[in-house]
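Chemist: Build the full structure now, drawing on both the sequences and the hints.
As they're listed, the protein sequences go chains A and B. Going by this note's numbering, the letters in the first sequence line up with residues 1 to 446, in that order. Going by this note's numbering, the letters in the second sequence line up with residues 1001 to 1446, in that order.
Hints listed in this document are in silico derivations from the structure and should not be mistaken for laboratory results. You can take every hint at face value.
Here are the simulated SDA-like cross-link-like pairs (lysine to any residue), alpha carbons at most 25 Å apart as the crow flies:
hint, chain 1, residue 1, chain 2, residue 2
1, A, K157, B, D1198
2, A, K346, B, L1041
3, B, K1346, A, T272
4, B, K1081, B, E1023
5, B, K1176, B, E1116
6, A, K273, B, G1357
Below, each chain spelled out in residue letters.
Protein chains: 2
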Amino acid sequence: MTEDQLTVLIIKYLKENKKGAIEKVIDELQPYDIAQLYRNLPEKHHFKFLVYLSPQQIADLIQELESDLQIEILHRLGIEKSSKVMNLMENDDLADLLSELSVEKIQEYLSTMKIEDSTYVQNLMSYAPETAGGLMTNQFVWIKDDYTIRDAVDKLKAFAEMNHTIYYLYVINDLKELVGVVSYRDLLLGDLHEKISDIMFNRVISVPVDLDQEEVAQLIERYDFVAVPVVDENKKLLGIVTVDDVIDVVIQEANEDIEKLSASGKDIDFYTKATTASFRRLPWLILLLFIGLISGSIISGFEHTLEQFVALVFFMPMIAGMTGNTGTQSLAVVVRGLISHDLDRKTVIGLIARECGVGIIIGLTCGILIALIAFVWLGPIYSIVVGGSLVLTLIIGTLAGTIIPLVLYRFGIDPAIASGPLITTLNDIFSLIVYFSFATAFLAYL
Amino acid sequence: MTEDQLTVLIIKYLKENKKGAIEKVIDELQPYDIAQLYRNLPEKHHFKFLVYLSPQQIADLIQELESDLQIEILHRLGIEKSSKVMNLMENDDLADLLSELSVEKIQEYLSTMKIEDSTYVQNLMSYAPETAGGLMTNQFVWIKDDYTIRDAVDKLKAFAEMNHTIYYLYVINDLKELVGVVSYRDLLLGDLHEKISDIMFNRVISVPVDLDQEEVAQLIERYDFVAVPVVDENKKLLGIVTVDDVIDVVIQEANEDIEKLSASGKDIDFYTKATTASFRRLPWLILLLFIGLISGSIISGFEHTLEQFVALVFFMPMIAGMTGNTGTQSLAVVVRGLISHDLDRKTVIGLIARECGVGIIIGLTCGILIALIAFVWLGPIYSIVVGGSLVLTLIIGTLAGTIIPLVLYRFGIDPAIASGPLITTLNDIFSLIVYFSFATAFLAYL
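Modeler: In structure tokens form, the structure reads like this:
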């Protein structure tokens, strides 16, 4: 059944009040599919649809939705039913949801929740959103190191209703410090009277609660984990970050890199309104407009040369464009490389030397090519001026695209902010200065 | 201990032949760390280091390395020890490794492996690399639907040495069709005499073997799975794709988008040689050089206008740059949006209308701004020509950045190929034609 057919079917059932039929269909669906269905349903059917869902299904649904639809659901459900749903949500998602609400609303909801949950959620909300603390959930099971396997299995049975995205049990000692990890598999394969401390893996890798989410993602990716425990400065276990959150982080970080590289503005998707999208894109464009005017005023300094040799203008777009392009190419290599490499002195020097080599190779190749073309088109003078300038500007452009992001990174600024358009526009300026200076000097010499 | 300290320590132990000490250190490390250590060790120590590793550790190490280092290790180990290591590798990694070797070598290695493994690996190698078949592994455990939990646990014990990145057991019927899935947790919480068919989840989601890896990744991301089973057209279970491979796919696909958007060339990282990097980047640059020359020849058609109004040149970089930038912004939104949205008619029309609105808003804002500046700088004539042109070119640039990738996508071409530089260069041409045509017409009218 396609998404559209499903939507049509559910609308039909809703109109006919076929509760049983709807429940049967919903039961077959994954949370993602229920969320897609909810988005596709006309708004007038939303409330009735929610009535037919169990609190657990609504909790799963909410976790998949955007914040405006989440808040809409809370309003429709009312405070009592909302609280039931919130008690069933994963606490990291719940903290994100609550952070969208007003302080009074937050208090109102928290006061209706179980005390340990509300404390945990309040703690979660105090961590910066892009850190391990902001990503972690309390949907994990801890066991004491003096448990036997039987104790562990009994504890598991008590938590049987908990979301089944759990693959490890974390082991803590009397001080609540994380001391080991046990998989379900270990429990299954061991004997019931064996001690957890004898079968646990005790070189457990954990992350501090304030670690940047990008580094958490890197760690999970490198070690192929499905979850990693989060600890405070005393090694006390606070929560876990699971691999599904990490995939979202990886996608989000890649999107942010692309947004910055293209200066396309934060969080614009297919459904952003034109005014909002324009408003987010304009600051960059206006900045670049003024930088572009700098190019203009530089050129105006060469007005005399231009009046004599108007054909110099013909090559301006090519020279500026090529310099911008090679800079963008270098920039992209640096920005993505930084994701998987640590920058030590040796790497930086090697990278700059490499890009210097690249600049010379592509500079000479393209310079000779354009010199030949300019020679045929306009004769030897233009050939030398255009060819020579292009060699120089391509080397400068390549190095600028490499060094500027590295310098920004060194000073703790995200290098992707040296966005494609910014590098392109700066390279415009460099290249025009080189081109017109070279031309003026050479033509004066003739 | 930092990476460098670790390397120094291991070199010391290697020189002193301290086998026991090395084994103790290695035992504490994750495969990723052993691979980093191996990369950091000077080449002369490589062989000795390998001697101190167990076949399982070498198998883990190889899976983390680049193909040239993998092949180096195989040569160092010799065919007999290599085969031992290969038998312990995950079969998807092994298939990737073998595909780097010559046909004779492949046959030589396969002939020394267990027959069922070599058949599986040969099958794996026949699937396209960027599909579910190319990603899947046979490191999974299947059980029959008529097993009891006790049978399943017994089977698990027999496979106890298998890599522990396994979280589900897949259930098949007599026809080897996939009919359900059971988690370790289900086994732990059930009674030993219960039937698998009674506790299994039978609405198991699987992917066809020829599904594109990007869609496999999307599915795992949407449903928060840690693994998904792969089936053939008869629903026969062939293997599983695990979430760690999916993270690699997500990163790889994002990198490819950025490579294409910046035309930075395939697979260039910090360690690519200058000649290789240049060779990969040059085709784009040379193409763009010729496109840039088209701009030049268009401008040469307006030589007469230029000679009369040389100050028109001052605004060329700004107009061309701004048009390129707005195009790149739109392009980035489309390319990343396509990852999470399906393109139906309604979405496309909505998107184009939105971007049309964006073009008008930013066109008018920037056009009015530049008209004011040009008025102060050079007077009313330039103000009208430059301001009017900018409004038009920004609208055209925004729409080009939206429509070109959508058209490419419609015809089955990856829209990211309409890379930033290509859109920028095309927009250069559009904008210069508009600018000079408008100027020539207006100035002739005066």
